[in-house]
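Chemist: Sequence:
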Amino acid sequence: MDKPERSAYRWVALFTVLFGLFTYGTITTVISASLKTVADDLDTSTNSLAWVITGPFLALGVGNPIFGKIGDIYGRRKFFLIGMVLFTVASLGCAMAPNAGSLIALRALAGVGASAATPNGIAIVLDAFTLEERPKALGWFNLFGVGAPAIGLAVGGLMVDALGWRAVFWIYGAISVAATLVAVFVVRSTKPGMSEPIDYAGAAALAVATLGVALGLTLGGSRGFGDPLVLGVLACGPLGIWLFVTIERRIEFPLAPLAYFSEPNFAGPLFGYFAGHVTYMGAFVITPILLRDGFGYSEAAVSAVLIMRPLSYSLTSPFAGTFTARVGNRPAAMTGAFPLIAGAVAFVVGAYTTSIAIIVIGLILSGIGLGVVTPPYMSSLTGAVRTSELGLASGMLQMSASLGTVVGIQLAFMLLGDAKPHESSDFLTPYAVGIGAAVVMLCFSSLVRRSARARRAG
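Heads up: the sequence shown begins at 5 in this note's numbering, then just goes up one per residue.
Keep in mind that the hints were calculated from the coordinates and are not lab data. Keep in mind the model is a prediction, meaning the values are calculated, not measured. Careful, some of the hints might be misleading.
[Unchecked claim] The calculated label-pair distances, taken between Cβ atoms and stated as ranges, are:
1. S193 / F265: 29 to 37 Å
2. P261 / G230: 37 to 45 Å
3. R330 / G228: 43 to 51 Å
4. A263 / P102: 48 to 56 Å
5. P232 / R330: 47 to 55 Å
6. Y78 / A308: 41 to 49 Å
7. P201 / W246: 17 to 25 Å
Every residue, glycine too, gets a C-beta built ideally from N, C-alpha and C.
Turn these sequences into a full structure, and let the hints steer you where they fit.
Modeler: Next up, the structure:
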């Protein structure tokens, strides 16, 4: 491929992949915003149907690194398309779901499809851009990746009220069909993958660890953390990690070489992104309750306030990509941590003073913070691995975000308690924990080197 052709293709590939992944992000928040309506229609409770949201997150957390590695070996285009087809079929199936159980199962299947499409889609884009240009591409990636949920949050209730929730799945299923067809004709195959076997044992151990933590925290939120089942599931987390480390030390072709975890440009973003999502999502899920119980806001007003955060995130991302390309990964990652810390502090102050203006400032600052930090994190982590392992690297970072999301949500709800209605003072402790997690992210950001190492072949 000559240089002008490559230059044109990289942007075509970027927006084709974005078109494909846009549907997943949008439909998730559409259903989240209308969960009670769907539950009433299927004659079930919102607590039971919450697995429609949780199930795909669990699938993403488990599947992202595994499907990323499989795509590295057998072809990223192939597994991006497989993921898109699986997601499309599952979404169309959701439109015909006869009951809550089938809807939950189909949404989990859609999550499996997204966990195959997402890391391989990101790897396709990263492979099309040079190491120096990646932050700009990742900025656009985040614009669409977070803009999609913002659109879902803004129009979800209106779409369901006007058309019904089944029609929403038909519409987005059709969009997904179109996106898949475009990708078939536009996305090119990358260079042949690594000629090595898949580390099934390591993948299974990582799945046990990830599912143990994510599912254990999710069940603990509803059953209580003293429940024997919850304790047993949570125990799978450290057990899976021990098995994973043991296997990776002994196997010739590991899923994720342990040497990467001692590499600052790999470990810093991986653990920093986890901590950042604990802050980001923990505050986000309890703020609607504060606005309703503490401030007396209507559902429509709550949605109007909440959209400020994904909007600030998505609008910041393209500029953050350019900023990262200009100053380097470490300064950009450090810069992004400070607005997230300031936003977490603003939530505490806003809850204490019952000031909606300060809460809005907190939402905007936290959106800016994670929007700025994501491009340097992704650029740093993917620059620390071999080109042939871009799918694994992007999958690991997405897994980190998924686990941070689950931990942040469950920790926030646990600290908030079950009082109804809640007082504004009930929110001080969970918001304060968010400050601590944001400071942890700053510490991991400081580990990142100024710029990614030169791309390694292989």
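Chemist: None of the hints should be skipped; say for each whether it holds.
Modeler: Here is what the structure says about each hint:
Between S193 and F265 the beta carbons are some 31 Å apart, a value that agrees with the proposed interval 29 to 37 Å. Checked against the hint of 37 to 45 Å, the C-beta distance between P261 and G230 comes to roughly 38 Å, which is consistent with it. The hinted range of 43 to 51 Å is satisfied by R330 and G228, whose Cβ atoms lie roughly 50 Å apart. Between A263 and P102 the Cβ separation comes to about 50 Å, which falls inside the hinted range of 48 to 56 Å.
Distance hint for P232 and R330: a CB-CB separation of about 54 Å, consistent with the stated range 47 to 55 Å. Restraint check, Y78 to A308: a C-beta distance of roughly 46 Å satisfies the suggested window 41 to 49 Å. Range check, P201 to W246: about 23 Å between beta-carbon atoms, so the 17 to 25 Å window is met.
Hint compliance for this structure: no hint is broken.
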